[in-house]
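Following the hints, position chain Z against chain S.
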Amino acid sequence: MNRAWTAIKRVCRDPNTLLVAAPPRRVAALLVLFPVLAIAAPDSGAQAPGAEHLAHAKLSLATGVAFDKNGRLWRVSTEEQYVLVRYSDDQGRHFSSPVRVNAAPERIAADGENRPTIAFGTSGEIYVSWTQSLEQAYAGHIRFSLSRDGGRTFSAPITVNDNRDPISHRFQAMTVDPRGILHLVWLDRRDQSVAKARGETYAGIAVYQAVSRDGGTSFSINEKIADHSCECCRIALALDTDGTPVIFWRHVFDTNVRDHALARLDGASALVRVSHDNWAVDACPHHGPALSIGHDGVYHLAWFSGAPGRSGLFYARSSDRGRHFSAPLKFGISEAQAAHPQVLSLGQDVWLAWKEFDGLNAVVRGMHSADGGQSWSAPAVAALTAGASDHPLLIANGAEVFLSWQTVREGYRLIALDGNRP
Amino acid sequence: MNGRALTIVIGLLLASPVPARDIRAFEPGSLAAIEAAHAGRSFILAFWSINCTHCPEDLALFADLRRRYPDLDIVLVSVDSPEDAETISATLERYHLENVEARVFADEFTERLRFEIDRQWHGELPRTYFYGADRTVRGVSGRLDARAVTRWIERQRHRMAKEK
Chain S
1 MNRAWTAIKR VCRDPNTLLV AAPPRRVAAL LVLFPVLAIA APDSGAQAPG AEHLAHAKLS
61 LATGVAFDKN GRLWRVSTEE QYVLVRYSDD QGRHFSSPVR VNAAPERIAA DGENRPTIAF
121 GTSGEIYVSW TQSLEQAYAG HIRFSLSRDG GRTFSAPITV NDNRDPISHR FQAMTVDPRG
181 ILHLVWLDRR DQSVAKARGE TYAGIAVYQA VSRDGGTSFS INEKIADHSC ECCRIALALD
241 TDGTPVIFWR HVFDTNVRDH ALARLDGASA LVRVSHDNWA VDACPHHGPA LSIGHDGVYH
301 LAWFSGAPGR SGLFYARSSD RGRHFSAPLK FGISEAQAAH PQVLSLGQDV WLAWKEFDGL
361 NAVVRGMHSA DGGQSWSAPA VAALTAGASD HPLLIANGAE VFLSWQTVRE GYRLIALDGN
421 RP
Chain Z
1 MNGRALTIVI GLLLASPVPA RDIRAFEPGS LAAIEAAHAG RSFILAFWSI NCTHCPEDLA
61 LFADLRRRYP DLDIVLVSVD SPEDAETISA TLERYHLENV EARVFADEFT ERLRFEIDRQ
121 WHGELPRTYF YGADRTVRGV SGRLDARAVT RWIERQRHRM AKEK
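Same order as they appear, the protein sequences are chains S and Z. The first sequence begins at 1 in the numbering used here and counts up by one. The second sequence begins at 1 in the numbering used here and counts up by one.
Next comes chain Z alone, as it looks inside the complex:
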């Protein structure tokens, strides 16, 4: 890291009494960490951007789903950069998603991140992964179909109930 970057970093941190909490970094290794943290439970991992036209509709859907299924686990990963944290945070608040786990790409080598996430994903947004409790994973490109997502959630809940 060169001196100017360090200056900026220190300047930002000095001005901030708040440690990073709301929006966490998504870096190499983050995917495995997220998967491990949700081991044995179904969850939705959604990639979005503040510059993606079709992402707000999915954010609204996630907010609605969280109201209907308060125990639904969702991880939202913005593919923007940490310097967009202000906008990301404001957007999530607008959609009442401030309590959902939120991350942001914190590695500008985005090809490396995408390679780790899914080699079949070419960067189109939104991109959403549905992790079943049995670790089946399905990736979907584009705006989600609310009915299909609801069916998936109901199936997961049904399965969980049966196992109990």
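If we strip away everything but chain S, and leave its shape as in the complex, we get:
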């Protein structure tokens, strides 16, 4: 047996300290005490409200959610080596039995910044994308599958990145514009690899995109949007009122300044620098930004910076499609690990949500603006949990806004927000 294989068994994942690093004789004792449990492990059968326990090994919290045009809530998550899709017709109280998207198991990258995503075509298609992780470090492929029968079955997954080297193609984001064109964007190492092979330096990696104009049957050749993105922060993606996708990501300016950039994917616009925190660091923040564009066309942006003396969460808005931005507003309590912001605009009504830690609980706090992001309510607690949790997500169903949050203790939660109570 090789050393690598023995290593994995030296530490087991269960947070129970008794079992971490239990010597062999303790195993024997456990078997004596719990033989029946060990044999008759119950599966996650009926899905009672709030009763989904996620505490078992290898279950990821990373969840993608979206409402379709009929108000059905769709949730995509991963378990072991499968992508699972469920839906709810009662705002998250009950969910359908999960449907496996990939029939053949594969390794899936699913954590805070790297989550499966779901979107809907204009002819009833359900699109799912995720990042397959490869054996090599940091390596992945952008995977895609669709259902044309309302989520009963899904097509065999395809790989969207046309560079198939075992390098990073990860952190995908996906949307469908009003014409039905599907847009996938992701972070891609191919140019950095070429530069490295030539002995040249290349800061960060790159942002790539592919589009499908035939309902997900095929994708265009991959197109580079920008060189020098940060390597492992999620990309925020939203549609402008003219249907143009807009992306917002952590970029590497100069050699290692990890501030944020915005680009309209109209084939003509140049990259715009949004934040000037000047966080110069050769580090992986694992902390991507957020973007929302309401029907008034105002861009709302939120991000995290770790710049010394300027560490924390920031919000800014642009009412001229990214030519000018408001002075960044700092929010959240930095010492409470204020992190992973979300923003959602319905026009004048705008919400911010983020995660903090109060010493005992992970807390999602939120603020509401009734004037398009010009002034904000005091932060209020929307939800909390005394255990591990996914990043918070904000989603809308028409005029209703929800916090979507997957936690270990409480399972999946969809919490309605209103103007007075984020």
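Derived from the structure by calculation, the hints contain no laboratory data. Predicted model only: the values in this text are computed from it and were never measured. Note that the Cβ used here is the ideal one computed from N, Cα and C, for glycine as well. A couple of the hints might just be wrong.
Covered, in the sense of this in silico footprint (three residues per stretch, anywhere, with C-beta under 8 Å from a C-beta of chain S), are these stretches of chain Z [to be verified]:
id, region
1, 49-59
2, 103-114
3, 138-146
This is chain Z only, laid out in the frame that chain S set:
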């Protein structure tokens, strides 16, 4: 813990004749234990991940420093999860760091762990703490500057020599 988790745990342990030794758990309380174990001595506490682009360069630096200063104390804490132990172990071996104290986050409530470690740390990696013998602690985010680290080590050694 539910039945399925227990099954997995028992399955893993049954298949393993080797008790945990190489990679220890980092849990609530671990920081205090590490600090106590190094009381009165300088050491480096480094947080890293198998998924962090800039961490390998620091691992290479630590390996180099250990060659130059064999008595240098380093504690490496992977913020991945125990199920990544195989990859963590292989990575440390690749950088000839198998003899360095290695731990892995064994509490999926990572906010709680980070809160205990440093409220000013927001999870960026690598994140390294330099503990002086006099218990001054300095946290650094991002890839380390080899010359600055060497200067710090020399200062610590100079101080130790003077005290003797």
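Status of the hints after comparison with the structure:
no., hint, verdict
1, 49-59, "holds (count 8)"
2, 103-114, "holds (count 9)"
3, 138-146, "holds (count 3)"
Violation of the numbered hints given earlier is absent; every hint is satisfied by the structure.
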